Structure formats: structure tokens, C-alpha cells
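Fit chain E to the known structure of chain A by using the hints.
Respectively, the protein sequence lines represent chains A and E.
By the count of our numbering, the first sequence reaches residue 149 at its end, each step adding exactly one.
By the count of our numbering, the second sequence reaches residue 421 at its end, each step adding exactly one.
Simulated from the structure, these hints should not be mistaken for laboratory data.
Be careful, since some hints might not be right.
[As the list claims (entries may be wrong)] Now the stretches of chain E that chain A is said to cover, found in silico as 3 or more residues with beta-carbon under 8 Å:
#1 111 to 125
#2 179 to 186
#3 242 to 250
#4 327 to 336
#5 345 to 355
[Said to hold, decoys possible] Pairwise CB distance ranges (calculated):
#6 A:Asn-122 <-> E:Gly-321: 30 to 40 Å
#7 A:Val-125 <-> E:Ser-337: 20 to 30 Å
#8 E:Asp-415 <-> A:Lys-133: 36 to 46 Å
#9 A:Lys-58 <-> E:Thr-227: 22 to 32 Å
#10 A:Leu-55 <-> E:Ala-271: 40 to 50 Å
#11 A:Tyr-144 <-> E:Thr-313: 21 to 31 Å
Everything numeric in this text was worked out from a predicted model, so none of it was measured.
Where a beta carbon is used, it is the ideal one built from N, C-alpha and C, also for glycine.
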Amino acid sequence: MTLYKKEYTHNLGSEPIVLAYVDLSTLQDSGTTGWKQIPFTYSGEMYFDPDWGTWAWDVGTVQWYSKDENTIVFVAPKNTKIVADIFIDPQYNAWYE
Amino acid sequence: MSRPVIKIAKPGRSVIGLSPKDFALNTKYALPKIYKQVTVEDDTIIPNPLGYPHGAWCFRRLNKDSYYSLGGAEPASFWKPYVHVSGPILSSLFTGNEYTCLSSTSSGSLYAGATVRDNEIEIRNLEHIIGYDGGTPIYGKDTSISTALFAEPLGETDKDITVGGNPVLKVAPEGRDVKALEAYRQNLDGRFDTLKIFKTGELTLSLPEETIPYMGDCVVRTATFNHGLGYPPMYFPPATVNMNLSTWGNTHGNINERYPLAVPGFGYDFSTVDVYVDSNNLYIRSIRASNGPDALGSETGPRTHPALTLSLHYTLFYNEIGSDFDLLTN
Chain A
53 MTLYKKEYTH
63 NLGSEPIVLA
73 YVDLSTLQDS
83 GTTGWKQIPF
93 TYSGEMYFDP
103 DWGTWAWDVG
113 TVQWYSKDEN
123 TIVFVAPKNT
133 KIVADIFIDP
143 QYNAWYE
Chain E
92 MSRPVIKIAK
102 PGRSVIGLSP
112 KDFALNTKYA
122 LPKIYKQVTV
132 EDDTIIPNPL
142 GYPHGAWCFR
152 RLNKDSYYSL
162 GGAEPASFWK
172 PYVHVSGPIL
182 SSLFTGNEYT
192 CLSSTSSGSL
202 YAGATVRDNE
212 IEIRNLEHII
222 GYDGGTPIYG
232 KDTSISTALF
242 AEPLGETDKD
252 ITVGGNPVLK
262 VAPEGRDVKA
272 LEAYRQNLDG
282 RFDTLKIFKT
292 GELTLSLPEE
302 TIPYMGDCVV
312 RTATFNHGLG
322 YPPMYFPPAT
332 VNMNLSTWGN
342 THGNINERYP
352 LAVPGFGYDF
362 STVDVYVDSN
372 NLYIRSIRAS
382 NGPDALGSET
392 GPRTHPALTL
402 SLHYTLFYNE
412 IGSDFDLLTN
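Next comes chain E alone, as it looks inside the complex:
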């Protein structure tokens, strides 16, 4: 059975014999289909118009009250130091214009972000205690949570969905009838948005071996890539902020490999790493802390951090975080 396939090669190359990864477009493979983007400030439950579970990708808009653990791991003995976090960085972690991938780990709760069920999508922007007014706790949270919702089901379903908009370009998988096939089963359906790669590359941050005085201020270092898009773009991998690297080797930190193991805070090695974007840049930021007193309140001495190179192989998408739309209703 013959079928139409649209192939567009990378610049300067022929489509003949080209590796699948080198096509700008190849409808032999399915493109992800984003049917809606939604931004919420508070815990929100919206109906799931598709009626089946599907993918959701969340980003946090950060501010000075966003959750950020300043804790370290519990010392292994009474004579080991507690982490000491101080310095100007504490009052300038985020200004309100930074965005990062939402990870349940970094948010401190499994319930943060989007949970997709058959008939509803629960999006939670969790509050946490940032201080006390007398005995009354004061709560803070992220400015907002932006979520991209994908049409592809995460299991078998026989449901159909209605998508508006004309004209439409459709390409079905091999052997399937394009006219009879549900929208989410098409390899390409022009009525949906998709992930559009803008730029890929490697960003590195070299950290020297350094010693911070006992109870000294944090040392902060940042590497940036200027994407220049003028808006915050979605990015991959879904590395986030406040990632502790205690389980990493001391000579190299490949964030792509290691971010799934990160835990929030300053951990055993008294350091944390942030990955985030704003309208101009992609950032890797390292914050190194010093030793505090031990469990008995005694002085412990300075802390020496080893040399370490952090690297992030990033993919930046043209897709804008927080640009909301609903393609099922328009």
C-alpha cells in the first residue's frame, strides 16, 4: 500500500539515505500533538476533555517565595558539621521572571504539578511555610504553573476527540486510513501544536577547588547561554532548581545523566545546582555552602569543595512557557 510521506532534510542534505534523526520533518514518525497549554496560579482541577490519560509537561514560574530547601543531609556523627547557608544569594535566588521544569522531587512533594486522570487534570501549585507572623505561619508558592497537554493517550482507548480548525494537513501511519483515524493516532495533524526545536548545544560550568571559611557566605557561579528568544522557552532535559549532587562523581557532572537522582537541598556535599530559563538566557547556577557547627554546637572549620565541571546538553524549543491556548475550542 502506497502512502504519502512528507520528508524535509536538514539544510544542505538530500532526503535520500538520510538518518531519521537528521530530518527537519519526516512524517513516517509521529509528531507530538499539544492540544492545550494552561497556566494556573492556584491549585486547579480542569476537566479532561479527551476522556483518557495523556501526557502533561509542567514548568514553574519562580519567585522569591518559591520552595527552595536550604537544608543539608543529617550529619553522620555528632562531630560532623551541619550545612551553613548564608550570603546575598539568599535574598536574590529568583526575581519572578525565571522558569524551570517542575519535578515532584524539587517541589518537595509527589502531588505538585499535573496529574492526569480520565476525566480531570489536577494541577497543583503547592504552598509551603516561608516564615511566621508571631505563631501564625506565612505561606509562599511559585507565581504560576504552566502545563502543556498532549493528545496522545497513555494506554488503549477507543474514544474519539473533536478538533476544530481548517484547513488541516494529516498524515496517517502506514497502512491506516487517514480519513477514518482518530486525530491522536495520526502521525501528523496540522490542527495541533507540536514541539519545535530551536537550538541544541552544551552549556558547561567549571567550578574550581575552593575553600569557604567556617560559617562563610555561599559561593555562587553561573553559566549562561543567550537564546535571545524574548520569551521563556521550554527546554530538555527536565532538570530543575535546588538539585543536590551528592551522589555524583567529583570530577564531572553530566546533568543529563544525573538529574533524575538529584534530591532537593544541599545534601552531603553542601552544594546545590539550578537549571532554569528566562526570556533571554538558559542558566546553570552552582551554589556552594560552608560548614556550620556540629551537633554539639562546636566550631568545625572551613569547607573545601572539589573541582567539578557541570555540563548540560540542552534542547531549547520554540514553544513558549506560559503561552496559553486551547486548540479543541478554537
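Just chain A, same shape as in the assembly:
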């Protein structure tokens, strides 16, 4: 399964807490509808792998990660709809430690 990346620049200067969700009706091979929290990895359709001569599951991933302190990268199959809540609160070195 081909995965695509899309960057979002938040310019917070720290890696934030993020709660993100995917619209399953837009997710390739999900076979269902509704919204679910990401990240996750899932199995799509079976395909024949000529290199191994066997059938295999096409594995997809929907996830996000912090590329740096100002940028979040979302990873998903093409045309997947993701909505994210980005918090001011950093994942690292918050003042209330």
C-alpha cells in the first residue's frame, strides 16, 4: 500500500501532545465507516507477492509524528481524511515536572 506524507507547521517550538482521528470511510481498504483515533496499522486486501511466490496482506498505516519542534507529519494512504487536536502542552520538558 502506498503511503503519503503531509506536513503541518505549527511553529510551537516544542513537540506537542496530539490527539488525531481518521475518517474510516476515506481510508483505503478499511471496509467500514466512522472516526477512529490514530495511529494504527491495519491489514488491507490480500495480494500475490511475486518475489516470495506467496499471498500476503497489504499492510497500511495511519499515523503522525513530530518531524521537529515546529512540524508534524501525517502519514496515510492517498485521500485519507485526518483531523488532529494539537495541544500547547509539550511532550518533553514541560514545566510541571
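Okay, now just chain E, sitting in the frame of chain A:
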């Protein structure tokens, strides 16, 4: 247009010139609004009283029958070992009082946990086969699934919602009329619960280079942070149990960066990592397995695991997993 803003600085600092991340409260930014927490033991569909899709955050209550893959990756050749998992840990993985974030990955299915639709919320506590009675499969599952439901819509909506409770403190976004604005569009609405940070920090687990004898028992190591809350708290990041780290580097394992790539089981490096909480502690647990026979049934030899440091930059919330309420009806 002037508007009221409530700002509370961190202890010992002035609100003047303070970075946004250093405020205890700053209503210039929207607070997440939890309208309901619900715990279910079986697959359940509840009506969505909001009428639009919204966020949901799920936690599993684990027990001895919870899904936990003991499998490894398929060997790359006939002469490579299969994973061998044995030892006392297999009968004491979980006692029934542990909680972890629900990840569709770690549960082995995309359908586990909460799926939110316009008019319903489907919460699934999936069963899996834990053994056989003769030819009849025996099923096991988590004790329960606890879900926090957020009021903010995941898209455009013109629906309004009715929230009970008085008195109420509201702060609207800049330029908006606080009286005319729907509850979910307010930056602060005191009738909802929110995420309340208790503590943040780093928990590390140092694993030495070590060799486990052929078909030897698993080596288990655990690091704990004593939160002392007396109940299981929600935590971030949503790392979970049974995470294989095969794609990680061999010298450092930053769980915050890598948990989205984890797959369930023991993978290519014959190890798995658990992140979970109970009423007293936050845990990182490493379980390292040994080599079993190869595909031809021949002995393969001991397995050497590299030195590795696992680190988790955690955020613990005051919010209690499994403390159910419904703020739309009270």
C-alpha cells in the same frame, strides 16, 4: 473588540511575556471538552447524543486473558530460528488491575475500541481464542474498555447541543459572542470536564546486552514511576502493550517517536515492550525471548540481545480511567 481572557501563570512566574506552553490556564486557547466517560465490558453501541463525529480516547483494562501475541516474524530462511517464548511471565502478564491505551494495532484488529459516527458510538471489546476445550474454542478478552468522549466536532456542523449544569463559566474565542456560541465552540465551558495534567517526566529502562540460552525462558525487566494517585490515570503518549520494536535502532528506543510503528508480538528481534498504568505506577516492561528450532526442527543456538535504552516522556493526567459520568444528562 475587547474580550475577557483568563490567564494563570505557572508558579513563581508572571503572566506578562510568558510562553503559551507555560500557562496553567490560558483561555485564549480552547480547552478539550469531555462530555462523557463510559466503560463497557462487551461490544456496545450507544447513541451519539451530539449528532456529529467527535473524538474518543479508549483504554483497555487488562487481565490474564487479554490479547497478547506470542508470535514472532516469519523466519527469513529455513535455517533461521522461530521465536521461543516461555517462563513464569506467561502466567503473570496481567493481574486484572492494569490499564493501557487501546490501539487498533495492539488489539490485532482495526475494529477494536471506539468508532464514532453521526448517530452512534460503537465500542468493541474484541474476543480472541485463548485455548480449546476439545475441539471447541475458548474465548478471552479484556475486562473492559473505558472511553472518554470529546464534544469538539471532527468537521463542520451546525448542530447545537444541550448541556445541563449551573453556574457556568464560559470564554468564547476572540470576536465571537459568548451567548450565541454553541458549547463546543467555546474556548472554555465549565460544564465540561477537561484533560488536567498531573505530572510529566521521563521514565527509562536500560537493557544490557545479554544472551539467553537456546529455548531458555524470557528475560523480563521493568521500570516504574510511582504516581501515587490511588487510581489508574490517563496518560500520553498512547503507547500500549505487546509492542515489537524490530524497526527501532539498537542503541536507543524513544517510545514517543517509535510507538506508532510498533506491531504486536515479538517480531524480528524477539522482544516486546509494554507501557501501562495501575493505581500506583506507570510501567515500561521489556520481555526478551530466545531462539527456538528452525523450520526443519533443528536446534539453532542461543540468542544475544543488544544493549538498549527505552525511554518514555510521559504526561500523566488527573483524569481517572474508568470513572464514568455523563455531563449531558446531569
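For this session: Please flag the earlier hints that this structure goes against, numbers listed from lowest up.
Result: 2, 8 and 9
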